[in-house]
Amino acid sequence: DTAVSQTPKYLVTQMGNDKSIKCEQNLGHDTMYWYKQDSKKFLKIMFSYNNKELIINETVPNRFSPKSPDKAHLNLHINSLELGDSAVYFCASSQEISNEQFFGPGTRLTVL
Amino acid sequence: KNEVEQSPQNLTAQEGEFITINCSYSVGISALHWLQQHPGGGIVSLFMLSSGKKKHGRLIATINIQEKHSSLHITASHPRDSAVYICAVQKGYGNKLVFGAGTILRVKS
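Sequence order for the protein chains is F and Y. In this text, residue positions in the first sequence follow the numbering used here: the first is 1, and each later residue adds one. In this text, residue positions in the second sequence follow the numbering used here: the first is 1001, and each later residue adds one.
Next up, chain F with everything else stripped away, as it sits in the complex:
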């Protein structure tokens, strides 16, 4: 059983388009995260949600909008995609904010 899943795994799109990445966890965790890994493999937090409430919003452009319909899902919607948005996006979850995190397989976004 997949603990943290993301769809799609690969996403290739044109500049200016709007796209969404979905994340689901079946671990019963109450906290979920989005991370961005750039071309140099450097990871950075984007958002975290605890019980569907936004906890961390790390100076991400407002073209990025996370949505948490319930504790098991945290989706990432990106408007007006730019070349610099090309990266691998990882979703993760944990039980409470300060515990071990479980990562999804990543979504490789390529903006042309």
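Calculated directly from the structure, the hints in this document are not laboratory data. Treat the hints with care, since some could be wrong.
Straight-line alpha carbon distances no greater than 20 angstroms define the calculated EDC-like cross-link-like pairs of lysine to aspartate or glutamate that follow [what the hints assert, rightly or not]:
{"#": "1", "chain 1": "Y", "residue 1": "K1055", "chain 2": "F", "residue 2": "D38"}
{"#": "2", "chain 1": "F", "residue 1": "K36", "chain 2": "Y", "residue 2": "E1003"}
{"#": "3", "chain 1": "F", "residue 1": "K44", "chain 2": "Y", "residue 2": "E1003"}
{"#": "4", "chain 1": "Y", "residue 1": "K1001", "chain 2": "F", "residue 2": "E58"}
{"#": "5", "chain 1": "F", "residue 1": "K41", "chain 2": "Y", "residue 2": "E1017"}
{"#": "6", "chain 1": "F", "residue 1": "K22", "chain 2": "F", "residue 2": "D85"}
{"#": "7", "chain 1": "Y", "residue 1": "K1054", "chain 2": "Y", "residue 2": "E1067"}
{"#": "8", "chain 1": "Y", "residue 1": "K1096", "chain 2": "F", "residue 2": "D30"}
{"#": "9", "chain 1": "Y", "residue 1": "K1001", "chain 2": "Y", "residue 2": "E1067"}
{"#": "10", "chain 1": "Y", "residue 1": "K1054", "chain 2": "F", "residue 2": "E100"}
{"#": "11", "chain 1": "F", "residue 1": "K9", "chain 2": "F", "residue 2": "D30"}
{"#": "12", "chain 1": "F", "residue 1": "K19", "chain 2": "F", "residue 2": "E82"}
{"#": "13", "chain 1": "F", "residue 1": "K71", "chain 2": "F", "residue 2": "D38"}
{"#": "14", "chain 1": "Y", "residue 1": "K1096", "chain 2": "F", "residue 2": "D38"}
{"#": "15", "chain 1": "F", "residue 1": "K52", "chain 2": "F", "residue 2": "D70"}
{"#": "16", "chain 1": "F", "residue 1": "K40", "chain 2": "Y", "residue 2": "E1003"}
{"#": "17", "chain 1": "F", "residue 1": "K41", "chain 2": "Y", "residue 2": "E1005"}
{"#": "18", "chain 1": "F", "residue 1": "K52", "chain 2": "F", "residue 2": "E24"}
{"#": "19", "chain 1": "F", "residue 1": "K52", "chain 2": "F", "residue 2": "D30"}
Please read these numbers as outputs of a predicted model, since none were measured by experiment.
Assemble the complex: chain F is given as a structure, and chain Y must be docked to it using the hints.
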């Protein structure tokens, strides 16, 4: 300068060698994480620690809070240990993770 510094950036070892990866940080933290990123891209949490030492199989992680330093040791290294090892510190509101740049480990048979 990054709040989390790892060394070395790259490490090549022979199978069976004892490996040490270091992590230094410059901020107050609530915990430190060691993560492993496989060549295929997946990320796995290895350890989360706030004091002392933890061991899991051939992996050992230590932390010295006063010196703001942590080490990850791999005993009897194996080619399947080849991966990127990432140190991350948990800090601030929401206990966000701040990551090091990673150490690329290659173990040759």
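Verification of the supplied hints:
no.: 1; hint: K1055(Y) <-> D38(F); result: violated (31 angstroms)
no.: 2; hint: K36(F) <-> E1003(Y); result: holds (18 angstroms)
no.: 3; hint: K44(F) <-> E1003(Y); result: holds (12 angstroms)
no.: 4; hint: K1001(Y) <-> E58(F); result: holds (18 angstroms)
no.: 5; hint: K41(F) <-> E1017(Y); result: violated (26 angstroms)
no.: 6; hint: K22(F) <-> D85(F); result: holds (16 angstroms)
no.: 7; hint: K1054(Y) <-> E1067(Y); result: holds (18 angstroms)
no.: 8; hint: K1096(Y) <-> D30(F); result: holds (15 angstroms)
no.: 9; hint: K1001(Y) <-> E1067(Y); result: holds (18 angstroms)
no.: 10; hint: K1054(Y) <-> E100(F); result: holds (14 angstroms)
no.: 11; hint: K9(F) <-> D30(F); result: violated (24 angstroms)
no.: 12; hint: K19(F) <-> E82(F); result: holds (11 angstroms)
no.: 13; hint: K71(F) <-> D38(F); result: violated (27 angstroms)
no.: 14; hint: K1096(Y) <-> D38(F); result: holds (18 angstroms)
no.: 15; hint: K52(F) <-> D70(F); result: holds (6 angstroms)
no.: 16; hint: K40(F) <-> E1003(Y); result: holds (17 angstroms)
no.: 17; hint: K41(F) <-> E1005(Y); result: holds (15 angstroms)
no.: 18; hint: K52(F) <-> E24(F); result: holds (13 angstroms)
no.: 19; hint: K52(F) <-> D30(F); result: holds (8 angstroms)
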